[in-house]
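**Student:** Guided by the hints, dock chain Z onto chain H, whose structure is given.
Number of protein chains: 2
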Amino acid sequence: MSAFPKIPVFLKPFMPAVVAVIGSIPWLRTKASIWAINRAAYSTTLRPRALTLLADYTSWRSLTDREYSARHLPPATPEYMAGLPSESEVLKLFRRTEEKKDTDTSVMFMFFAQWFVDSFLATDWDDFRKNHSNHEIDLCEIYGLTKAQTDMLRAKHGGRLKVQNINGEEYPPYYFESKDGTLVVKQEFDGLHDAATMTRILTGVSYDRKKKFYAVGLAHGNSTLGNSIMNIVWVREHNRLAAMLENKHPGWDDERLFETARNIAIVLAIKLAVEEYIKHIAPWDFPIKMVDLIADRERWNRTNWCAVEFNLLYRWHMLAPETVGAGDTALTPADFLTNNKLIEDEGIESLIAWCSRARAGKIGLFNTPTYLMIPSPALNGFSVESRTIRLSREAQLKSYNDYRVAYSMKPFTKWEQLNKDPKVIEPLKELYGDIKNLEWYVGIFAEDYPRELMMGDLLTTMVANDAFTQLLSNPLLAANVYNKDTFTQEGLDEIENTKCFADIVKRNAKDPSRVYCNFAVR
Amino acid sequence: MSAFPKIPVFLKPFMPAVVAVIGSIPWLRTKASIWAINRAAYSTTLRPRALTLLADYTSWRSLTDREYSARHLPPATPEYMAGLPSESEVLKLFRRTEEKKDTDTSVMFMFFAQWFVDSFLATDWDDFRKNHSNHEIDLCEIYGLTKAQTDMLRAKHGGRLKVQNINGEEYPPYYFESKDGTLVVKQEFDGLHDAATMTRILTGVSYDRKKKFYAVGLAHGNSTLGNSIMNIVWVREHNRLAAMLENKHPGWDDERLFETARNIAIVLAIKLAVEEYIKHIAPWDFPIKMVDLIADRERWNRTNWCAVEFNLLYRWHMLAPETVGAGDTALTPADFLTNNKLIEDEGIESLIAWCSRARAGKIGLFNTPTYLMIPSPALNGFSVESRTIRLSREAQLKSYNDYRVAYSMKPFTKWEQLNKDPKVIEPLKELYGDIKNLEWYVGIFAEDYPRELMMGDLLTTMVANDAFTQLLSNPLLAANVYNKDTFTQEGLDEIENTKCFADIVKRNAKDPSRVYCNFAVR
Chain H
1 MSAFPKIPVF
11 LKPFMPAVVA
21 VIGSIPWLRT
31 KASIWAINRA
41 AYSTTLRPRA
51 LTLLADYTSW
61 RSLTDREYSA
71 RHLPPATPEY
81 MAGLPSESEV
91 LKLFRRTEEK
101 KDTDTSVMFM
111 FFAQWFVDSF
121 LATDWDDFRK
131 NHSNHEIDLC
141 EIYGLTKAQT
151 DMLRAKHGGR
161 LKVQNINGEE
171 YPPYYFESKD
181 GTLVVKQEFD
191 GLHDAATMTR
201 ILTGVSYDRK
211 KKFYAVGLAH
221 GNSTLGNSIM
231 NIVWVREHNR
241 LAAMLENKHP
251 GWDDERLFET
261 ARNIAIVLAI
271 KLAVEEYIKH
281 IAPWDFPIKM
291 VDLIADRERW
301 NRTNWCAVEF
311 NLLYRWHMLA
321 PETVGAGDTA
331 LTPADFLTNN
341 KLIEDEGIES
351 LIAWCSRARA
361 GKIGLFNTPT
371 YLMIPSPALN
381 GFSVESRTIR
391 LSREAQLKSY
401 NDYRVAYSMK
411 PFTKWEQLNK
421 DPKVIEPLKE
431 LYGDIKNLEW
441 YVGIFAEDYP
451 RELMMGDLLT
461 TMVANDAFTQ
471 LLSNPLLAAN
481 VYNKDTFTQE
491 GLDEIENTKC
501 FADIVKRNAK
511 DPSRVYCNFA
521 VR
Chain Z
1 MSAFPKIPVF
11 LKPFMPAVVA
21 VIGSIPWLRT
31 KASIWAINRA
41 AYSTTLRPRA
51 LTLLADYTSW
61 RSLTDREYSA
71 RHLPPATPEY
81 MAGLPSESEV
91 LKLFRRTEEK
101 KDTDTSVMFM
111 FFAQWFVDSF
121 LATDWDDFRK
131 NHSNHEIDLC
141 EIYGLTKAQT
151 DMLRAKHGGR
161 LKVQNINGEE
171 YPPYYFESKD
181 GTLVVKQEFD
191 GLHDAATMTR
201 ILTGVSYDRK
211 KKFYAVGLAH
221 GNSTLGNSIM
231 NIVWVREHNR
241 LAAMLENKHP
251 GWDDERLFET
261 ARNIAIVLAI
271 KLAVEEYIKH
281 IAPWDFPIKM
291 VDLIADRERW
301 NRTNWCAVEF
311 NLLYRWHMLA
321 PETVGAGDTA
331 LTPADFLTNN
341 KLIEDEGIES
351 LIAWCSRARA
361 GKIGLFNTPT
371 YLMIPSPALN
381 GFSVESRTIR
391 LSREAQLKSY
401 NDYRVAYSMK
411 PFTKWEQLNK
421 DPKVIEPLKE
431 LYGDIKNLEW
441 YVGIFAEDYP
451 RELMMGDLLT
461 TMVANDAFTQ
471 LLSNPLLAAN
481 VYNKDTFTQE
491 GLDEIENTKC
501 FADIVKRNAK
511 DPSRVYCNFA
521 VR
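Chains H and Z, in that order, give the protein sequences. Residues 1 to 522 (the working numbering) are what the first sequence spells out, left to right. Residues 1 to 522 (the working numbering) are what the second sequence spells out, left to right.
Any given hint could be a false lead.
Pairs involving identical chains hold if they fit within one copy or between any two copies, as the list cannot separate such chains.
Said to hold, decoys possible - Keeping only pairs whose Cα atoms sit at most 27 angstroms apart, straight-line, the calculated DSS-like set for lysine-lysine is:
| hint | residue 1 | residue 2 |
| --- | --- | --- |
| 1 | Lys341 | Lys12 |
| 2 | Lys12 | Lys436 |
| 3 | Lys130 | Lys156 |
| 4 | Lys130 | Lys147 |
| 5 | Lys179 | Lys499 |
Read the hints as simulated data drawn from the structure, not as lab findings.
Same shape as in the complex, but just chain H (with noise of 0.2 angstroms):
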């Protein structure tokens, strides 16, 4: 059973016509999402699982403590990962020969979509076995993962989050400033983040990029345009709905309006993963709605905790383009790295409006970007894509086909079910020989896939099956907590008023009218 069912051939020209219609009919929409959701949410067990990395058996500590990764399957044989081609030659199935793009997917989505990963799968650096995530859509990035971090980053009055003023518009604070010419980390933010994480991070910066570092939720949450953009974006709407609440409860004090505005800024969060972020990777843009409560009553409503393959799955890597746009002004791996000054210079709104016009890559093999091969100290000598490769090894991941099995699927029996393109199975035949050999991360990226699509079959089950189970059983939308105690009347209207990303971009932004923000590009 995969996310989606087969439609024939012949159908697939109405589907768009059909979609509209479903999504032109609230009930039918809700239905329609219940169906889809719960489709992937049980087409696999339910948590909790019976394994962690943190050992080969169940144990109270593996059944309780959430700093190790969950696993869905347990650890191959040594037999079989003995059987395994090298790294190095797994390796080469990555590599980008020519580019390939996406049908439609905006370099937009791609950056939101890491920095909305990133909030909740956090692979420790030293061991490998551990996400320090707290496994739930909770906008760590602008607040924190923790009660100290939350309180540095608090203005402490009205409810606001701290904030500094560049051209008349509100940017996080910087977290150096400059003492007898270095760097130091400003004594608000003195524990903000673990310091050999920050060095890490800081490898190879320049010092006028180092300069213009925001004090974030996270430590990486200046590593790209992206996330500087999100960031911006979210800490903004932050101050925005306190405002609004500060207005419309004069007699709150700055907890209660935080908190509450961090309430609504979360569901926010959520319904744009759901709505507008999910919808892009469904067919046809299936418009998949937050149905808000169905967790309650649903037996896949489990405590949160992110699983290895949740993590491995979801380095989509491909996504990433060599330059963003074409051109004299495309921009290169150089200007979106670690780059606030250019956020700074161009303001958000004319580089949110070239990501959403700049068309990102294509999920699946030979198309990772040269700069994710390149080897490099601050990774201890992996590249990106060899590190991922190097995690699925040591988390002894079961082939391609065991995967398949427990989401519900048949396995393959020929390489041909994989995908037709010679270009692709060739070297897959060669490597593994036998595809039930095949190993999972390689799998999941060789599954060929139709136009409507953004990845094959058995990797959108799983997303589907991860990220459902894990959005809509955020505590917020439970039903003893959805409701205007919890938010106001005023934070109620807010989610059910923001369809869009954008809706949320126009509402902080000078002027509303330039906005342009699409995580499709048209």
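**Tutor:** For chain Z alone, coordinates are given in the frame of chain H:
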């Protein structure tokens, strides 16, 4: 909807036979247990709850920080709180006037209850809003709450816990050692318990008794004969299980032996809590079964989070008799509080037999024993009972009738619906006037109940709701986990073959034939 349906009086004489039939037919017993468990579990709204004691509004922290006790209902209005009688007037309602004994409950039941409940209802001494347990049945009584504590208690060979040999039997090691005539915490247990808590607990405890303090998982693990007896039995059982596993799996290391023995021990504790302890509370000893995997199918399976109401309603101080047993050999509070020497002198079997033949007090008003009504410096000048009343006021709990409604019961309009005994209701009428003003903590203990029950309707329903949803959502009972990979086949057999606490005492006793252990006085 109360936890148990009303049985017409004319049918009651047949109920023991009906219950016996249900108990003798396995599928019927399972069906009836599922029915009873779900009836209690769905009697009120499900977790997650909107509020904890952190604040009177919902915040991300209140939804995720389990340091703070949850609450079933939001706080009462200031007007309601202001209209309540003084705490000292309310305290008088609890003072034992003449000692009333329960129909058939033994002191052994009471000791099990105390030992069991202290593991998940651990109110912080300085901030009553906090519960520093893990909210789970985790046998922290013998394993501690954190990995650091567990490590101190482990022998680190053969999966065993540390023990000492006294008279040829295993006991937990002593916590203190004598240095220059004073008792100091042994180096190996440095940091096992919070120093301030230990000072409080040891106030007024003699050198001789302090010397015999056992190093166990919780600071108050030595506070009564019952706590010490239970810890001794469970430490022996853990080591017996570890030895059994070591014998069957000679290749396993200390870690795996320890963790697997712990998995088995925790499920044994849950099984006994359901099948012996809750069974005793249920009418006619309804043979309730620990239905493994039930939680996987149910919507009430949500992250455990103990509520302040659960914490307060479980203070069955009235179970405590003035003395355990009668005659010259009766044990006075001075005998049964913090007295491990008595245990080592008498041996646990003789004390267990004594406690199994002594009747516990009857739950209700006017029956809290004298020694729990005496203000103590260790309780900041409160008595055990007056501190409880203070906590219920600090939590600003709504009225008894509000809780009836929240648990799907009709509110009472007349005092006689609560209790027909004028000795109970006259003082209540005087203090509260209208029954709608009756406060919850008093109301649940003022309820009348028939012989076949141990407590009133709302109290039974509330305790059943919290207990079942907590016990059975334990991760060890989940579909992916409850199997021989987690427990081994021998472990599953141990679980299957253990029917009552006496079984565990017997298999760890020098002379099993001498063991008499029972939660009911026959």
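**Student:** Okay, which hints does this one fail, numbers in order?
**Tutor:** Checked against the structure, the hints that fail are numbers 1, 2, 5, while the rest are satisfied.
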